[in-house]
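*Asks:* Line order of the protein sequences matches chains A and B. Under the numbering used here, the first residue of the first sequence is numbered 285, with each subsequent residue one higher. Under the numbering used here, the first residue of the second sequence is numbered 16, with each subsequent residue one higher.
Worth double-checking, as some hints may not be accurate.
[Unchecked claim] Taking lysine to aspartate or glutamate pairs in the EDC-like style, the calculated list, with each CA pair at most 20 Å apart, reads:
| no. | chain 1 | residue 1 | chain 2 | residue 2 |
| --- | --- | --- | --- | --- |
| 1 | B | Lys72 | A | Asp550 |
| 2 | B | Lys83 | A | Asp549 |
| 3 | A | Lys618 | A | Glu337 |
[Said to hold, decoys possible] If you only want the chain A side, here are some residues facing chain B, beta carbon under 7 Å, derived:
| no. | residue |
| --- | --- |
| 4 | Leu543 |
| 5 | Lys618 |
| 6 | Tyr649 |
To be clear, the hints were calculated from the coordinates, so they are not data collected in a lab. Remember, it's a predicted structure, so these values are computed and weren't measured experimentally. Glycine included, every Cβ here is placed at the ideal spot set by N, Cα and C.
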Amino acid sequence: MQVTAMDVYRLLPQTNCEDCDEPACGEASCMAFATKLSEKEAQLEMCTELSEEAFSKLEALLAPAVREITIGTGDKTITIGGDEVLYRYELTYYNPTAMVIDIADNLDEEAFNERVKTIEETEFERIGELLTLDAIALRNASGDAAKFAEAASKLKKAKLPLILCSFDSEAMKAALEKVGDERPLIYAVNQDNLDEMAALALEYNCPVTIFSPNDLEKMKQMSRALRDKGIQDIVLDPGTFVGDGIGDSLDDFVMIRRLAVEERDDDFRFPLLGIPALTWLYEKDEVQGGIREATIAATLMNKYADILIFHGTNIWELIPVLTLRQGIYTDPRKPQAVDAGLYEFGEVDKDSPVLMTTNFALTFYTVEGDIKGKANTYLLVLDTEGRAVDVSLAGGQLNAEAVADLIKETGIEDKVENRTLIIPGLSAPVSGEIEDESGWEVLVGPRDSSGIPDFLDKLKEKS
Amino acid sequence: MDQMSQLLKLLEKTDYIEINEFRMDFEELELQLAPAVQRVVQQAVTKQAAVQETMKKMEAIEFTPPIKDYPGDVAQVQLGAGSRKPVYLGGQKALYRFEEPQPNPPVVTFDVFDIPMPGLPRPIREHFSDVMEHPGDWAKKAVNDFGANMVTIHLIGTGPKVMDKTPRQAAEDIEEVLQAVDVPLVIGASGDPQKDPIVLEAAAAAAEDERCLLASANLDLDYKKVAKAAVDYNHAVLSWAITDINMQKTLNKYLMKEGLTPNDIVMDPTTCALGYGIEFSIDVITRTRLAALKGDKDLQMPMSSGTTNAWGSREAWMKNDAWGPTDYRGPIWEIITGLTMMLCGVDIFMMLHPLSVQLLSEIGSTFTKEYLTTDVPDISNWITELE
Chain A
285 MQVTAMDVYR LLPQTNCEDC DEPACGEASC MAFATKLSEK EAQLEMCTEL SEEAFSKLEA
345 LLAPAVREIT IGTGDKTITI GGDEVLYRYE LTYYNPTAMV IDIADNLDEE AFNERVKTIE
405 ETEFERIGEL LTLDAIALRN ASGDAAKFAE AASKLKKAKL PLILCSFDSE AMKAALEKVG
465 DERPLIYAVN QDNLDEMAAL ALEYNCPVTI FSPNDLEKMK QMSRALRDKG IQDIVLDPGT
525 FVGDGIGDSL DDFVMIRRLA VEERDDDFRF PLLGIPALTW LYEKDEVQGG IREATIAATL
585 MNKYADILIF HGTNIWELIP VLTLRQGIYT DPRKPQAVDA GLYEFGEVDK DSPVLMTTNF
645 ALTFYTVEGD IKGKANTYLL VLDTEGRAVD VSLAGGQLNA EAVADLIKET GIEDKVENRT
705 LIIPGLSAPV SGEIEDESGW EVLVGPRDSS GIPDFLDKLK EKS
Chain B
16 MDQMSQLLKL LEKTDYIEIN EFRMDFEELE LQLAPAVQRV VQQAVTKQAA VQETMKKMEA
76 IEFTPPIKDY PGDVAQVQLG AGSRKPVYLG GQKALYRFEE PQPNPPVVTF DVFDIPMPGL
136 PRPIREHFSD VMEHPGDWAK KAVNDFGANM VTIHLIGTGP KVMDKTPRQA AEDIEEVLQA
196 VDVPLVIGAS GDPQKDPIVL EAAAAAAEDE RCLLASANLD LDYKKVAKAA VDYNHAVLSW
256 AITDINMQKT LNKYLMKEGL TPNDIVMDPT TCALGYGIEF SIDVITRTRL AALKGDKDLQ
316 MPMSSGTTNA WGSREAWMKN DAWGPTDYRG PIWEIITGLT MMLCGVDIFM MLHPLSVQLL
376 SEIGSTFTKE YLTTDVPDIS NWITELE
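One chain only, chain B, in its complex shape:
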């Protein structure tokens, strides 16, 4: 190949040529180089024009975030007063933080029991075996070692078929926990519809003016008694319905008739665990939050999740070598259950495993920051940087 052909070959894929210290006879250029150069220059000009056109067109495209107006908002509920450091739930005016900053981070409340609870799964028991005899110590460990925002004291021992503890004994347990920690409390009973209202009333009196959350009022028990205890001793009430938005509305209405306001009610639309109906909870919780923002006054309260239900799933606790250790499966089961509820609009989570609590709180806290205000790492080389 002569030099000229080589040059032409090189020029074939060239968009432009830059010529330094170039000397050539003009006639030669005109006669032999001109057609090739002209073609290349022509191509380059067209191509550059096209690129500029694309760039111009691209720059003309503007992006507007899809932000909506919501006619309604969620009431803010304060938990903790008196000798408690208060936390706040709810208060949302929009669905997502890119629409409007979210007022309060999600809150995690650690489950603590008034009896040693032999039935707890091993991955949880092993963290608490040293404190399970005393609910005060248990609560202290949850707060000091595992960073709980709140503690839920379940008065399981008052169950007639458990230890049949008296309301007076229940009140003593509440006093023990109140002394041990300065975070707000959720007070849960045993699930016995006859006894729960009496137990909750005694516990509410013992914690007067501390603004606890009484768990729970539902349509199967004397919810009026629970509501009255809340009004008399300054507490909030957990309004619990079973994955049914109409049942939830009815119950909330009844509770408001008893003197409670939306600032005194937290809803529990029931958490079905991961793999065990979580999709039903997704639907109900999503619809409830949307209804609140659209202006339904009977549903404008923050929501709670009994995330602990996740541990009832056999994949969370059952030993099975083919599935790997429960030490890891269990926490993930609880995290994903809680996280899914959080993404649908739940504000407060009752949880059991320290790692689950930590990860859910971490992610939850990012949801109160404003869009594009976090320093994000450069991930543009992830393909080569990942090991």
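Excised from the complex, chain A in its bound form:
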């Protein structure tokens, strides 16, 4: 159930701030402000005319179906949750799934530091975005409170926020004494430790996870108990069963999210946590394990996981999951486009080659990745309303006239003496028309932009 602008408008003062030239919200009318609020493009605080009662009513109305929770403090934070819908085509999914790697508290010094470094340095660039990992999950593998606390204090230096994993409230207390001021996520409350863990969550003002494997009734009860104690920042772990039980895990995830979004069941309106790392309880082979762990991660990410704990750190395993996350969390309402116009790569001069592509983000950044640092060239980017080369060719956005206009508008003719345009291989069918329309000579480039540097080298040899 999505909140409409009308629902919001009813609770606004509806004064349209008549006596004021510059309303605090910056909108022309209360209806305009209501629209912005319902689309999460404005904050309630911007309205200065609200009574306390109206404010709290609106706050409850506008609260996302899934509570938004921040883990960490300062520049070491991640935010999870905040979703409003079950299907991404209805509205964007907010806050990409946090990808977390575990670390055991009983690793020796060197292995511990090495693993922290790996987690911090893992990165992969894709479509102009640097994809990285989000947090570290410290596991009380030793079962020893002092060791857990010691390892936690070592992670104070780490660049990423923390999840503290132990069912032992004494160990949790010891670790929180060291890093409780950094707002780590407490993992986890179960039936046996609920009161003690809840007390710690309140004392340190930390978000806390409920672990209730395959038992949603118990989960609901524990959630209610925590909420009764005044705890609001809750994360739900209904258990990740990586083998034949994955169907049950998926059902649990879906049910919880459906209860949150469609039934607004306050006990379930919290982010979901999954643990693909459990793969390694049963699979010791590094390759099989890595592939299976990525498979479990993708399953849960597709169905609502807000935070995932991994054990494997191989980049070949993480890249596909990071890529899936990037796709799922794009905004379906906005075309993925970059600005059209003229781009320069490397040292360009009057003899530099001139390439052309479209402004679909994936196309542009793929081309950019292939030529950056490898070729000195101009790149003309055509506005195809965010469509790829073949699609815009079929749809007519990539046409001779548009290319000729682009050449004129960018002033490229003042920058180079040559009059040769290299077009993408897939746009070969319009090469003749572009020549006629622009007066430039057209060369058909490679079909895949990874071939551009070679193509330019060969071109240079010929001349």
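Knowing the structure of chain A, use the given hints to seat chain B on it.
*Replies:* For chain B alone, coordinates are given in the frame of chain A:
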């Protein structure tokens, strides 16, 4: 500290005291111990009452699974008849298995080609290099060694720019594959809109009454010819639209006008690969399945995914040391692409890599079990048990 102070200190954090073989002068107790004991007992009673209150409150909270009623359902399509072991697609009456048991597990069909396909990525080629000259042997290996439920024979060689094989040669290839395996077939052509309908017609005749899936009918070719071949020789048709739900509806309507029923049609709403638009496919496939369950008669057919498209992604095949070996990246790319489609409602997957097929089938088979009927392991000590 005297003994009494020590005792009091100990009692500070105590919820209750159990006294064994206790002897003490009554006056002493009243005078010196009573206040402390009373306080402790009082605290314990209050605390216990609170716990009981919480427990009682908690037990009063009941959980009801969020189950929905759906007015529509998905048609069931049978593939394979005659000398084939049949498989069934579709038949869903609900979105998830906790609402209603899912009737059929997802089906994986292995891609096989009528020519040796030099363009296949190395991690796949190496599994099949010994059988690529003969589509029959290739199909046999896919079924016997890699557990395929079905085989897709792509008649790529009929392409005018490939080998320009005649429809008659295509029919011979189909016969070879039919002889080699007893699983149902998907019959794919080369993608040439002029030639495909003729090739599919010849292949359909060669496989009469075997209930194959003819791939594909789309709006760019003579779909009437494909539909007629299916009706005449008892096959099903793959109805292919490009990530456009309205185009899909139109095409399905046209096909039904030609005499096909929803039990004869499988939809392919197009699989955009992981990282290359997969989100567009997620949206279209989700909307299509929801529309079917809500009662849209033109979309109540099972769906297919050309999961093989995943291998077109450069991250799946391109050598790049910083990304790790393609031997692992490729299969994951294919699995995640297929899995994502499966979770949105796709029923049948065209795939290439043996490991991808295995893992997707494994996960897929769990989706037909009923909720809470699987023995799940005890994971309550995972924090210490993980190595």
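*Asks:* Take the hints in turn and mark each one as holding or not.
*Replies:* Results of checking the hints against the structure:
1. The straight-line distance between the Cα atoms of Lys72 of chain B and Asp550 of chain A is roughly 16 Å, inside the 20 Å bound, and the hint therefore holds.
2. With a C-alpha separation of about 16 Å, the suggested pairing of Lys83 of chain B with Asp549 of chain A holds against the 20 Å cut-off.
3. Of the supplied pair hints, the one linking Lys618 of chain A and Glu337 of chain A is violated, its CA atoms being roughly 36 Å apart against a limit of 20 Å.
4. Contact between Leu543 of chain A and chain B, as hinted, is supported at the beta carbon level, the nearest pair being about 5 Å apart and thus within 7 Å.
5. For Lys618 of chain A, the interface hint is violated, the least distance from its beta-carbon to any beta-carbon of chain B being 12 Å, above 7 Å.
6. For the restraint placing Tyr649 of chain A at the interface with chain B, the shortest Cβ-Cβ distance is roughly 11 Å, beyond the 7 Å limit, so the hint is violated.
In summary, the numbered hints that this structure violates are 3, 5, 6.
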